[in-house]
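Read top to bottom, the protein sequences are chains A, B and C. Per my numbering, residue 34 is the first one in the first sequence, and the count goes up by one each step. Per my numbering, residue 5 is the first one in the second sequence, and the count goes up by one each step. Per my numbering, residue 5 is the first one in the third sequence, and the count goes up by one each step.
These are calculated hints, taken from the structure and not from any lab test.
Calculated cross-link-like contacts (lysine-lysine; reagent style DSS-like; alpha-carbon spacing at most 30 Å):
1. K172(B) to K187(C)
2. K172(B) to K149(B)
3. K52(B) to K138(A)
Computed from a predicted structure; not experimentally measured.
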Amino acid sequence: MNSFKDAEHLLRVALVFVAATIAFVLVRAALVPRSFGEYGHYRGNAITEMAAQPVVFAGHQVCEICHSDVAAIKSAGKHVSVNCEACHGALENHVNDPGTVQPPKLDTANLCIRCHQVNGARPASFPQIVADEHSAGLTCETCHQPHSPLPLIGAGAKP
Amino acid sequence: MKITRRQLLILLPAAAVAWDSVLAGTPETSPNYKLTEHWWGMLVDISKCIGCGNCVRACATENNVPEGYFRTWVERYHVSDTDLANPVVDSPNGGKNGFPPILGSGGRNFFVPKMCNHCADSPCTQVCPVGATFMTPDGVVLVDKEYCIGCRYCIQACPYGCRFLNPKTQTAEKCTLCYHRITKGLTTACCEACPTGARQLADLKNPNDPIHEFLRTHTVQVLKPYMATGAKLFYNDLDGSVR
Amino acid sequence: MPVQGYMYPNEIELAWSVLIVLYPYITGLVAGAFILASLERVFRVEAVRPTYRLALLTALAFLLVAPLPLQLHLGHPERSFEMYLTPHRTSAMAMFGFVYLWYLMAVLVLEIWLDYRRDIVLLSQRTKGFERFVYRVLTLGSTNISENALRIDDRAGYIITLVGIPSAFLLHGYVGFLFGSVKANPWWSSPMMPVVFLFSAMVSGIAVVLLLYMFSSWYRKQTIDMRCVDTVARYLFYTFLIDFSLEMLDLVHRIYEADESFRSLDFMVHTRLYLSQVVIQIYMGTLAPIGLLALTQLLKLGEKTRKRIYAVAGSLTLIGIFAMRWNVVIGGQLFSKSFLGYTTYKIGFVAKEGLLTAVVLTLLPFAILWVLVKLLPPWPDCEPPAPGSAAPAHGDD
Numbered sequence: 034m035n036s037f038k039d040a041e042h043l044l045r046v047a048l049v050f051v052a053a054t055i056a057f058v059l060v061r062a063a064l065v066p067r068s069f070g071e072y073g074h075y076r077g078n079a080i081t082e083m084a085a086q087p088v089v090f091a092g093h094q095v096c097e098i099c100h101s102d103v104a105a106i107k108s109a110g111k112h113v114s115v116n117c118e119a120c121h122g123a124l125e126n127h128v129n130d131p132g133t134v135q136p137p138k139l140d141t142a143n144l145c146i147r148c149h150q151v152n153g154a155r156p157a158s159f160p161q162i163v164a165d166e167h168s169a170g171l172t173c174e175t176c177h178q179p180h181s182p183l184p185l186i187g188a189g190a191k192p
Numbered sequence: 005m006k007i008t009r010r011q012l013l014i015l016l017p018a019a020a021v022a023w024d025s026v027l028a029g030t031p032e033t034s035p036n037y038k039l040t041e042h043w044w045g046m047l048v049d050i051s052k053c054i055g056c057g058n059c060v061r062a063c064a065t066e067n068n069v070p071e072g073y074f075r076t077w078v079e080r081y082h083v084s085d086t087d088l089a090n091p092v093v094d095s096p097n098g099g100k101n102g103f104p105p106i107l108g109s110g111g112r113n114f115f116v117p118k119m120c121n122h123c124a125d126s127p128c129t130q131v132c133p134v135g136a137t138f139m140t141p142d143g144v145v146l147v148d149k150e151y152c153i154g155c156r157y158c159i160q161a162c163p164y165g166c167r168f169l170n171p172k173t174q175t176a177e178k179c180t181l182c183y184h185r186i187t188k189g190l191t192t193a194c195c196e197a198c199p200t201g202a203r204q205l206a207d208l209k210n211p212n213d214p215i216h217e218f219l220r221t222h223t224v225q226v227l228k229p230y231m232a233t234g235a236k237l238f239y240n241d242l243d244g245s246v247r
Numbered sequence: 005m006p007v008q009g010y011m012y013p014n015e016i017e018l019a020w021s022v023l024i025v026l027y028p029y030i031t032g033l034v035a036g037a038f039i040l041a042s043l044e045r046v047f048r049v050e051a052v053r054p055t056y057r058l059a060l061l062t063a064l065a066f067l068l069v070a071p072l073p074l075q076l077h078l079g080h081p082e083r084s085f086e087m088y089l090t091p092h093r094t095s096a097m098a099m100f101g102f103v104y105l106w107y108l109m110a111v112l113v114l115e116i117w118l119d120y121r122r123d124i125v126l127l128s129q130r131t132k133g134f135e136r137f138v139y140r141v142l143t144l145g146s147t148n149i150s151e152n153a154l155r156i157d158d159r160a161g162y163i164i165t166l167v168g169i170p171s172a173f174l175l176h177g178y179v180g181f182l183f184g185s186v187k188a189n190p191w192w193s194s195p196m197m198p199v200v201f202l203f204s205a206m207v208s209g210i211a212v213v214l215l216l217y218m219f220s221s222w223y224r225k226q227t228i229d230m231r232c233v234d235t236v237a238r239y240l241f242y243t244f245l246i247d248f249s250l251e252m253l254d255l256v257h258r259i260y261e262a263d264e265s266f267r268s269l270d271f272m273v274h275t276r277l278y279l280s281q282v283v284i285q286i287y288m289g290t291l292a293p294i295g296l297l298a299l300t301q302l303l304k305l306g307e308k309t310r311k312r313i314y315a316v317a318g319s320l321t322l323i324g325i326f327a328m329r330w331n332v333v334i335g336g337q338l339f340s341k342s343f344l345g346y347t348t349y350k351i352g353f354v355a356k357e358g359l360l361t362a363v364v365l366t367l368l369p370f371a372i373l374w375v376l377v378k379l380l381p382p383w384p385d386c387e388p389p390a391p392g393s394a395a396p397a398h399g400d401d
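Kindly generate the complete structure, drawing on both the sequences and the hints.
Right, here's the structure in full:
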């Protein structure tokens, strides 16, 4: 009896700890997001949230629905593997509102040389030119149809 | 204001139910996409990369990547004939605006696109203290930016240097394999923009995916195989000097 | 030059700043000060008794500041409680919240409370006003300071210190593991990291208590207990020898094996990290204090000389151990994981993770210690006498 009285303060400390632990458990139960642990140690809703991020590049399959004529020209030529938006830029908002949102006009002078300017690190089999010496100042589409660059167009004419 | 015990007994459960619906959020599920039917990876063909930087720009556009940080980037290697172990590497602004002409001559030169390897045994998800970065059941390593505390441990743990801290959201960020696109049947922005087909998305669980045929007919490597990360970014024609 | 050679683009900016250098430094001081306190409590090294209470209060002051550099570093400190909600069991960092809380409440605060309980009760009876209120709260409502109760306190304190020693090892050792388990970084990845961190922590903790004890004796114009100071210094010397041996073992091993990372790291140590690693950490911060302390062990020197040597050695030690943390954290981010280049650490001054913040956070524990010392005087000559009762079971001098 006497020894309990002398250890009573330890019991008070123990009670503080127990109360704190219970409070922690309760707060934790309230705050852990509901979907946590659904697939693993993370918020399951994060997957659906990330999947819902808006798309900016439409993807060539969509372009080809309306622009099947261009797709046909391209699929027969050297640029078959070059997707539409690789040159024309991201066009999802054009797909969503084709009438009002027009794709910007391309600056072929800089666009084409981005890939085709000679660079020693490019594979040797890849067609490369020295832009300054290649076209005597003419823009690329003077001689090359961008959707099917070879064979060359007749000089000066554009289809 | 005095709350009686009876009022409290009613208020507390009601509050709990309300809080519950706040936490549950309103997720939208993609009805046709089944997580267990896919196992994503990517194939990069070094012999086809021309270092145009289209992929870097497309990724930045698609995913709103802040300037100066890179979810994907392209490196240029110069391996001299006499010093194979010490390549000279550059990546001006991550290759975003292409590459200037090569200085000097000789040796072997090639481009190496880099991005998150979406490792099956990723060291980055292992170290996240709260479970904000994880691998989805379909094999994509993602960062939950609503949950990330911005401790940057994952950035330190990635052997490939593909993570960074987004200065605006103050959370860790990296390539998501355009998860929002691949779950809708589209390909990634970088693959869409690549003019030579050097980048190809691969679904290892899809028997019709060309990756399987490719793996059977080509020798393919991963970066830093000794790290045993289970990297799913496969390179064709990867030189031994690539770091 | 900011970037030399090639760095992966995302590596150029350092992810972990001086605040992440400060955090292991602070917890190291906590662990070290506590181990010194346990020397008396558990290992019965009676000579260091005068530093016992001071060591505990020092540990508490530093432990209270420890989470601050981390919170200031986080991108979302308001979400840091997530470590308590959903700790990821594979992450060493997830342990932090629990180990910290355990060590703070179940070890340090409890031990201090038990050791000071008699003083708290007596002070709660003798003071007035707000002070009286604070002491009364600290008594937790119990005023039993009978011989038996104090004997129970003593026994409980012993057990807590016993548990506290591995807890202190865990508090600081896990930081070593946090770095040592990162296979992506060859400067960090090593099984020896937790051990090296722990021994350097002990060195810094012993040094800080030594300095504080010497300073407070001088400041309060009290006679210094040279037997105590000599003993603490001797333990500092022994611990330093072990710490130095461990670091040399790591170095020799690296040089010998000379693996893929060696050339890049070697170059870094000889250039960008030369000042902080070779000059400050090794020469000034390790070899010099060890040499000075060796002098006091080998030669018969007068009291004044010994005190001067201890003060210099202790200060150099504190600088050297900070440099060690700097070299680990910052050094580990200065080189590229491609082993082809190096970057520079750009530290701001008045910035969230700037130099000024680091300085303030380093000084803050001393300010807190000053308050603690006023609230719970640790000086052996300062025990409040019990009104007419016998001497307490737990002796004070």
